[in-house]
Amino acid sequence: MELTRLKSWLLAIGFVVLVAVPPLVTALDETFYITLISRVMIFAIAALSLDIILGFGGMISFGHAAYLGLGSYAVGILAFHEITNGWLQLFVAIGGSAVVAFIIGAICLRTSGIYFIMITLAMTQLLFFIGISLETYGGDDGLPTDRSEFAAFIDLGNEWILFYLILGFLVLCMYISWRLINSRFGMVIRGCHENEARMQAIGFPTYRYKLLAFVISGSMCGIAGFLLANLTEFVTPEFMHWFRSGEIMIMVLVGGMGTLFGPVVGAFAFLLFEEIISGFTENWPVIFGPLLVLLVLFAKQGVWGLLPKSKAGDG
Amino acid sequence: MADPILKVEDLTKSFGGVVATDQFFFDIHQGEIHAIIGPNGAGKTTLLAQVSGMLKPDSGRILFDGQDITGLSAAERSHLGLARSFQITSVFRHFSALQNVALAIQAHQGHSFRFWKPAAKDSSLTEPAMEILSDLGLADRANILADNLSHGEKRQLEVAMALATDPKLLLLDEPTAGMGAEDSARIREFLGGLKGRHSMLLIEHDMDTVFSLADRVTVLVYGRGIATGTPEEVRGNAEVRAAYLGEDDAAHA
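Residue numbers (my numbering), protein chains in the order written: chain Z, 1 to 315; chain F, 1001 to 1253.
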């Protein structure tokens, strides 16, 4: 898939704006926005990771919050045991998410359609209740945690540095996803979405490719969880609630399923909308709901999908 | 004589009470084009699905090039050299024609756990894909989305994808289904040109195609083979005329 010039420009402008956020809002004395945009970028990573399997692989996972929770608990639990090394925490967040995604994927990918949706949901609810039952780590109440410690020059106690670290991860995840989707591997998972029977007929053992895509997607969402725990300095089973899975899926839908960068846009649209409208009414979903229905009816490829496409038909 | 490329022994498959394939015996010689004809519902596509590995037979054996493949998956059979084209066009609609064929080539270039290099710029995929498209007269349509191709072009793309896996045996499920006379003739000519290079199992309703291409014809009625022979022999067979050809003539009269 290729990007049109318009989309490339929009991405470049978006990046410049994000880089400018911390100095700008500090100058305006509205530093609250650093935290808000940090949170949005974390969910952008989560939505991007979901889109790899949902939009490209056609695997409708209704349990993506599992990896958000796993990534954050990697920080919380290790910090609880006074292991605050950021690299190690990040490694455990990614590795742990990968292992769990492998197990969940290996089971769920035996099914398809509505069964796949329900079983991914059930698996994540299982993790949610495990989280609640972990009394040592706060159970239902959650667990306050310290931020990860990297080498001296990356001091996450500084909101600016944390912001730029999250931005860095977002850009990295976008680039990796971009390469992945266009690679031979990416062609295989996209082909499975289009027509799995045909993929098998031309010689692809599709299960193993789909499973790996599921694992990659889960691991990437684990990074988002790692960052989320650092931002909130708190981990809770709520991160794994099915409601959260639904929100991530809505971000993908709003931005544009199968458009790669659409979900990033979707995360911004969804969370900023929530932020702004909830300032007027706490019943903001009443307004958001109908908008989502309209969007799904009239713009199946979301906000990003409304932009002109490249000649190759996607991107 | 060499082993047949495909040998089907005592194959049976039923769905509930309906016996779709009934103790069916069948073989295809090396290099042969063997057509299967039969009225609608005779079990032709079900038979093909079992040979290609998409359906498991209830009993019986399928031997490919002397090897028992009854228990193998469709993907494994593809790697042994079996390729299938579909009756209902089954291309990747949101990929370009070139990407469709390139994907079939990719499937046979080792594993696809390659995550970095863009597949679209990989000349080891695009060059052979382009060659096959040219052979089928689709070269100038290479960058069109498969969804936007005409019906005839999609049918050609079907065959192109099957060929791209470099098969020993082509399983063609009504390659000319729904095509106009001109497009049918082109496909017929193209398949004729492949004769000798690939063995073929041809399922076809179009009698012109069957009688001009096939070395042998098997007539399938209610899942059973009622006759096998050269086109002339089958045409002259009284039972066949009653069961199929006669009925067909009557329908046209």
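Warning: the hint list may mix true and false statements.
Here are the simulated SDA-like pairs of lysine to any residue, each with C-alpha atoms no more than 20 Å apart in a straight line [claimed, not checked]:
no., chain 1, residue 1, chain 2, residue 2
1, F, Lys-1154, F, Gln-1109
2, Z, Lys-300, F, Arg-1093
3, Z, Lys-300, F, Asp-1058
4, F, Lys-1121, Z, Leu-180
5, F, Lys-1117, Z, Asn-158
6, F, Lys-1195, F, Asp-1065
7, F, Lys-1117, Z, Phe-288
8, F, Lys-1168, F, Gln-1109
Okay, the calculated beta carbon distance ranges per label pair [stated by the list, open to error]:
no., chain 1, residue 1, chain 2, residue 2, range
9, F, Met-1207, Z, Ile-60, 27 to 33 Å
10, Z, Tyr-175, F, Ser-1124, 50 to 56 Å
11, F, Lys-1056, Z, Phe-102, 23 to 29 Å
12, F, Gly-1180, Z, Ile-60, 57 to 63 Å
13, F, Gln-1067, Z, Pro-285, 58 to 64 Å
Hints are computed from structural coordinates only; laboratory data are not their basis. Built from N, CA and C at the ideal position, the CB exists for glycine as well.
Evaluated hints:
Between Lys-1154/F and Gln-1109/F, the direct Cα distance comes to roughly 24 Å. Violation of the 20 Å bound is thereby established for this hinted pair. Restraint check: the Cα-Cα separation between Lys-300/Z and Arg-1093/F comes to about 17 Å, which is no more than 20 Å; the hinted pair holds. Between Lys-300/Z and Asp-1058/F, the direct Cα distance comes to roughly 43 Å. Violation of the 20 Å bound is thereby established for this hinted pair. Straight-line distance between C-alpha atoms of Lys-1121/F and Leu-180/Z comes to about 14 Å, which keeps the hinted pair within the 20 Å bound.
Pair hint Lys-1117/F plus Asn-158/Z does not hold up; C-alpha atoms about 37 Å apart against a cutoff of 20 Å. Taking the CA atoms of Lys-1195/F and Asp-1065/F, the gap is about 18 Å. The hint holds against a cut of 20 Å. Of the pairs offered as hints, the one joining Lys-1117/F and Phe-288/Z is violated, with about 40 Å between alpha carbons and a cut-off of 20 Å exceeded. At most 20 Å may separate the alpha-carbon atoms for a hinted pair to count; Lys-1168/F and Gln-1109/F meet this at roughly 16 Å.
Separated by about 45 Å at the C-beta atoms, Met-1207/F and Ile-60/Z break the suggested range of 27 to 33 Å. The beta-carbon spacing between Tyr-175/Z and Ser-1124/F, approximately 24 Å, falls outside the hinted interval of 50 to 56 Å. For the pair Lys-1056/F and Phe-102/Z, the beta carbons lie near 28 Å from each other, so the given range of 23 to 29 Å is met. The given range of 57 to 63 Å is broken by Gly-1180/F and Ile-60/Z, whose C-beta atoms sit roughly 39 Å from each other.
Checked against the hint of 58 to 64 Å, the C-beta distance between Gln-1067/F and Pro-285/Z comes to roughly 60 Å, which is consistent with it.
When held up to the earlier numbered hints, the structure conflicts with 1, 3, 5, 7, 9, 10 and 12 and fits the remainder.
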